[in-house]
Amino acid sequence: MISPLLQIAAEEEAQNPLIPEIPELVIGLIAFAIVFFVLGKKLLPNINKVLEERREAIEGGIEQAEIARTEAQSVLEQYKAQLAEARHEAARLRQEAQEQGAALITEMRAEGQRQREEIVAAGHSQIEADRKAAASALRQDVGKLATDLAGKLVGESLDDHARQSRVIDRFLDDLEEKAEASR
Amino acid sequence: MSNAKTLAFETDCHIFDGCGFPTPGLHSFLFEPLFTVGGIEFNKPMLLSLVSTVIVIGFFWAAFNKPKLIPGKLQMVGEAGYDFVRRGVVYETIGKREGEKYVPLMFSLFFFIWIMNLWSIVPIAQFPATAVIAFPVGLAALVYIVWMSVTFKRHGFIGGWKNITGYDPSLGPVFPMVMFFEFLSNVFIRPFTHAVRLFANMFAGHVLILIFTIGTWYLLNGIGIAYSAVSFLMVIVMTVFELFIQALQAYVFILLSCSYIQGALAKHH
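Going down the list, the sequences are from chains G and R. Letter 39 of the first sequence, counting from 1, is numbered 42 in our numbering, and no numbers are missing. Letter 88 of the second sequence, counting from 1, is numbered 537 in our numbering, and no numbers are missing.
Bound conformation, chain G alone (with noise of 0.2 Å):
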């Protein structure tokens, strides 16, 4: 029986095992070979493609959110701005109008006092007319009278006489000196 060491160091001998054997050698390039094309030429090509697609979708979906995200930042800049303007025009138009009320108010207040003088002053006139037409016609009446009483006195008329009104009018003269004395 062959020692099995021995063995070992007989095969050691006849075989090394950094020489490559040509038909493994082959085999396993065509093992390889056919792993790379397929690999290379179809599969990979085929990864690449949904990979690159995948990227495209989801960097197309941040995208598309970044857009939305400026368009609704301008919308809401637009809005706030819009709002400001508003407010100002309506602090403007608040003011103008306080401007105008108070411009109106001193008008028709100006206006009043015109027309209330205005009033009065026709009132005065009014009066001074009416007065003047009582006293006008108060001196006829009085006159009259005073005529008939003289004439009734007297037993004649005197109403033809020149002198007549001279003496009433004299009569009334000092009537109306005395009302003023005493008034």
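It is worth saying that the hints were derived from the structure and are not from the lab. As the structure is a prediction and not an experimental result, all values here were calculated from the model. For glycine and all other residues, C-beta sits at the position ideal for the given N, C-alpha and C. Errors might be hidden in some of the hints.
[What the hints assert, rightly or not] With a straight-line cut-off of 25 Å between C-alpha atoms, the simulated DSS-like cross-links for lysine-lysine are:
1. LYS517(R) to LYS44(G)
2. LYS52(G) to LYS517(R)
3. LYS45(G) to LYS545(R)
4. LYS517(R) to LYS550(R)
5. LYS44(G) to LYS522(R)
6. LYS45(G) to LYS550(R)
7. LYS515(R) to LYS52(G)
8. LYS602(R) to LYS44(G)
9. LYS147(G) to LYS181(G)
10. LYS515(R) to LYS44(G)
11. LYS515(R) to LYS45(G)
12. LYS45(G) to LYS517(R)
13. LYS147(G) to LYS135(G)
14. LYS716(R) to LYS550(R)
15. LYS52(G) to LYS522(R)
16. LYS135(G) to LYS181(G)
17. LYS52(G) to LYS550(R)
18. LYS602(R) to LYS716(R)
19. LYS52(G) to LYS545(R)
[What the hints assert, rightly or not] Quick partial rundown of chain R residues pointing at chain G, CB under 10 Å, derived from the structure:
20. GLU490
21. PRO553
22. LEU554
23. PHE560
24. GLY587
Given the coordinates of chain G, work out where chain R should sit on it, guided by the hints.
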């Protein structure tokens, strides 16, 4: 099961039976051909590599063939993987603008290597196809060709060699020596380490799992059962550890590929 070369261990061999520990070794990485076509032996690692192709294409076909804008569960997982390679590795090293056209290569490399590594802990398969040097060599050679052609396409013949040798007269008298080592490192050592890093990690991981698995079986006799339990625990630990290393090595492989391409695109360093 008489051929010792293709057997990891003798199934009836236990401790205290006067039978030595059947150490796993290089013979654990040799397989009887499943069948032979025209003198070419088709073995288990080859089968695993082809099944890896089917799995990688099958998964991403299901995930990416009819992709939707709103991804389903499978597409979401696929996209996570795609994003990891594209953004986490390629964009980080080469940059978005220049790196985009290397994404399919890196993506294919990552998942192909990962599935090839993953076989290590899949029941029945239980063998990382990348632990056979031919597979990492093929892939590393592919990357080597890519970054070499990028170098010369980008910088022209003279500029390309300047780039590869790190031509920099400002270094003074040591600069020819630096050029020599840069040349050696970039042209010969780099592709070698690129392939061997992956290979050796998977190789060692597989050996570790084998040792503990065989140990668990071998120790299963008399008092050895206690040790066997510990060994079995180690199998589980190593399996979890391998799960991590498998993804890590696939990641490191494409990270280095990217950094080589980035170096090729960059101005003389």
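How the hints compare with the structure:
no.	hint	verdict
1	LYS517(R) to LYS44(G)	18 Å, holds
2	LYS52(G) to LYS517(R)	10 Å, holds
3	LYS45(G) to LYS545(R)	21 Å, holds
4	LYS517(R) to LYS550(R)	23 Å, holds
5	LYS44(G) to LYS522(R)	23 Å, holds
6	LYS45(G) to LYS550(R)	14 Å, holds
7	LYS515(R) to LYS52(G)	11 Å, holds
8	LYS602(R) to LYS44(G)	23 Å, holds
9	LYS147(G) to LYS181(G)	21 Å, holds
10	LYS515(R) to LYS44(G)	14 Å, holds
11	LYS515(R) to LYS45(G)	11 Å, holds
12	LYS45(G) to LYS517(R)	15 Å, holds
13	LYS147(G) to LYS135(G)	18 Å, holds
14	LYS716(R) to LYS550(R)	19 Å, holds
15	LYS52(G) to LYS522(R)	18 Å, holds
16	LYS135(G) to LYS181(G)	18 Å, holds
17	LYS52(G) to LYS550(R)	15 Å, holds
18	LYS602(R) to LYS716(R)	13 Å, holds
19	LYS52(G) to LYS545(R)	17 Å, holds
20	GLU490	7 Å, holds
21	PRO553	3 Å, holds
22	LEU554	7 Å, holds
23	PHE560	7 Å, holds
24	GLY587	4 Å, holds
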